[in-house]
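K.L.:
Listed below are the residues making up each chain.
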Amino acid sequence: MLQVRYTIRSVLYRIGQVEMAICAAILIGIVLMILAQVLLNAGLGDPITWEQEAGAYALVWMTFLGASIGLKYVRHVTIISFIGKLPSKLRSLVRVFTFGIMLWTLYVLVCELQLIMVIEARSTTVALPIDLPRSYFFSVPLLLSSLLMILTLILFLFEATLGIFGDECPDLLAPIMGQTQ
Amino acid sequence: MIWLLLIILALLVLMEVPIAFALPASALMYLFISDGIPPMLVVQRIASGLESYVLLAIPLFIFAGNLFNSAGIAARIFDFAVACVGHIRGSLGHVNIVASVIFSGMSGVAQADAAGLGAVEVREMKRHGFTAEFSAAITAVSSIIGPIIPPSGIMIIYAVLADVSVPDLFLAGIIPGLLMSLCLMGVVYWLAYTGRIIAPVVSRKSPKEISFVFWRALPALAAPVFLIAGILTGFATPTQLGALTAVYAIILGFATKELTFTFLWVSIKDTVVTCGVLVFIIAAATPFSAILALEGIPQKLAELLLSISDNPLVILLIVNIALLIFGMVMDTTAILLVAVPVLVPVLITLGIDPVHFGIVMVINLLIGTLTPPFGILLFVMTEVAKVEYKPLLKQTLPFYIPLFVFLIVITYWPALSLTLPEYVFGR
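The listed protein sequences derive, respectively, from chains A and B.
Counted the way my numbering counts, the first sequence spans residues 8 to 188.
Counted the way my numbering counts, the second sequence spans residues 3 to 429.
Errors might be hidden in some of the hints.
Unchecked claim - Below, in silico cross-link-like pairs of lysine to any residue (SDA-like), each with a Cα-Cα straight-line distance of 25 Å or less:
(1) B:K207 with B:R129
(2) A:K92 with B:F328
(3) A:K96 with B:L220
(4) B:K388 with A:P182
(5) A:K92 with B:E385
(6) A:K92 with B:V331
(7) A:K96 with A:L169
(8) A:K92 with B:P393
(9) B:K207 with B:K302
(10) B:K259 with B:G74
(11) B:K259 with B:L220
(12) B:K392 with A:L93
(13) B:K302 with B:P41
(14) B:K396 with A:T168
(15) A:K92 with B:K392
(16) A:K92 with B:W5
(17) B:K302 with B:G353
(18) B:K302 with B:W5
(19) A:K92 with B:I378
(20) B:K388 with A:S88
(21) A:K92 with B:K128
(22) A:K92 with B:V249
(23) B:K392 with A:G91
(24) B:K388 with A:W68
(25) B:K128 with B:P393
(26) A:K92 with B:I9
Said to hold, decoys possible - Listed next, with one range per pair, are the computed distances between beta-carbon atoms:
(27) A:R21 with B:Y425: 54 to 64 Å
(28) B:A257 with A:V25: 51 to 61 Å
(29) A:L51 with B:E305: 49 to 59 Å
(30) B:H89 with A:L51: 48 to 58 Å
(31) B:E305 with A:V11: 55 to 65 Å
(32) A:L158 with B:L8: 28 to 38 Å
(33) B:V227 with A:R21: 37 to 47 Å
(34) B:V227 with A:P182: 35 to 45 Å
(35) B:S36 with A:V133: 31 to 41 Å
(36) B:S311 with A:I29: 51 to 61 Å
(37) B:V227 with A:T168: 49 to 59 Å
Bear in mind the hints are in silico, worked out from the structure with no lab data behind them.
For every residue, glycine included, the Cβ atom is placed at its ideal position computed from N, Cα and C.
Please model the entire structure based on the sequences and the hints provided.
P.N.:
In structure tokens:
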């Protein structure tokens, strides 16, 4: 059982690294694009017309992939209540419920997004040099992020379930990726 | 039926479901139970809720703040602040506040200020003989200045939700931010004067020493000046200024050889995670806000408030008390996302300027980050300063009264917020 957990964690860690590399590229791309926009506008009076639209789309991708990374870092904002003070097995039971709710939410999103994607694909981008379906910048990143978060949550749910049966170990539900700063 | 939505949300939050999941989960559960609005209608808003160029400023300013922290700028600012105010009774307590004011011109998230510059401040204060608990307390309190003085992540979110100008809000925060700093310095002076804190005095620096630290800190001091000049002249949008500040921090860091590629990568990673957590809440809250709007809650709340009183002063008092209570138990961004679309239309009807209310709300919610039981800054400082929660809270207590008084002053004296944007932009 331990070996399975570590294998899944290792796979998710690799996925997280890819997500992080994509997000880093997006962030650097945004900064460079805006720098070019300001220089071209101030220096040549010839601004990039699609900068604002591209920036907004980049934010959507970075946010949704970042949300998936945030889950791997266990950094999503949580109000700490009484759960930590519960006996170990009861705490694990509550965690199973918590992760179950999160999984259900993402499952509903995935189901609905498949329908929304079809509708969004009918309209295209406005100012970008090439016309792309708008779904590429709204429902697709959210769908991808939801699926990636589902993978992470399945692991957490599995680990919390182990806790109910007294198989708790020190790094149970620990962040998949290390702490930043 | 709307109470059902709120009860489900409260239960999920109590079960420690992260806010970013509790908001859409409660909205979806409500939709399935009430069987009215199709879920697709609200799910569709999650992604499109982020279609805003202005929101892009949030990760960019977070990135800039992280870079300034990584580039050793915090230590230079701290040294400069020591030279300026270290000799005043209360010494490094004042230094802590002044350094936070300067750093607030580069960073827009209180938690980042507390964890970044805060680490330098706490280390130096302990080295000079201050207790770890007081050092942590004053750092937590001073870090709320960060989001009041521009740039400010929380103000950008408010601006998008309330449909007000970001430059207007940024300028409106300057005077209150500086006044709050003076107010906090007054408390530190009083604590030192009455012997309530041990505050070893730092000797007054010679003009030569001041000149030396000034030149070392000058590139960092230039960043907020550059930012405010950019806003005033309209040279660039707030989002573009965020990117330019980040580029400036990178150039400065490499020029001073204090920023390495490792630190740059750490800054990028932290920015991505913070953006993924913070901005995702904005997207995740849209179904919740949509239900509130579709159920006509703003109108119902307006009727309720107006049935109590039609006096704007009374309404502001009620709103402030409600926000303070919610701030004690809820996340700042979540409150903004739920409360702004509901409150702002009501307050505009009563003749309250949305920019003025923005400043009131920002200060109110920031006080909430310092108040128990869920004051996020207190938790951050327990980690940064390695102190216990209760002694830290005890040391923070003397600052609550002036902060509440300051909130009342800002609430009932709109000119403090509105004078600068009116003067500059002729609003």
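K.L.:
Evaluate the given range 48 to 58 Å for the C-beta pair formed by H89 of chain B and L51 of chain A.
P.N.:
For L51 of chain A against H89 of chain B, whose Cβ atoms are near 51 Å apart, the range 48 to 58 Å holds.
K.L.:
Is the hinted pair K392 of chain B and L93 of chain A satisfied, with a Cα-Cα distance of at most 25 Å?
P.N.:
holds, 21 Å
K.L.:
Is the distance from the Cβ of V227 of chain B to the Cβ of P182 of chain A consistent with 35 to 45 Å?
P.N.:
The hint (35 to 45 Å, Cβ to Cβ) holds, given that V227 of chain B and P182 of chain A are roughly 39 Å apart.
K.L.:
Per the hint of 49 to 59 Å, is the separation of the Cβ atoms of L51 of chain A and E305 of chain B within bounds?
P.N.:
holds, 55 Å
K.L.:
So does V227 of chain B sit 37 to 47 Å from R21 of chain A, Cβ to Cβ?
P.N.:
holds, 44 Å
K.L.:
Take the C-alpha atoms of K92 of chain A and I378 of chain B, compute the straight-line distance between them, and say whether it is at most 25 Å.
P.N.:
Holds, at about 19 Å.
K.L.:
Next pair to validate is K92 of chain A with P393 of chain B; report whether the Cα-Cα distance is within 25 Å.
P.N.:
OK: K92 of chain A and P393 of chain B at ~21 Å, within 25 Å.
K.L.:
Taken at face value, is the distance from the CA of P41 of chain B to the CA of K302 of chain B at most 25 Å?
P.N.:
Holds - the C-alpha atoms of P41 of chain B and K302 of chain B are around 23 Å apart, at most 25 Å.
K.L.:
Given a hint of 55 to 65 Å, does the C-beta separation of E305 of chain B and V11 of chain A actually sit inside it?
P.N.:
holds, 57 Å
K.L.:
Assuming the hint says 51 to 61 Å, is it satisfied by the Cβ distance from S311 of chain B to I29 of chain A or not?
P.N.:
holds, 53 Å
K.L.:
Can the restraint linking K396 of chain B and T168 of chain A be considered satisfied, given a maximum Cα separation of 25 Å?
P.N.:
Cα-Cα ~40 Å, so violated.
K.L.:
Would you check the hint for K92 of chain A and V331 of chain B, treating anything up to 25 Å between C-alpha atoms as holding?
P.N.:
holds, 18 Å
Going through the hint list in order, the structure does not satisfy hints 3, 9, 14, 16, 21, 22, 24, 28.
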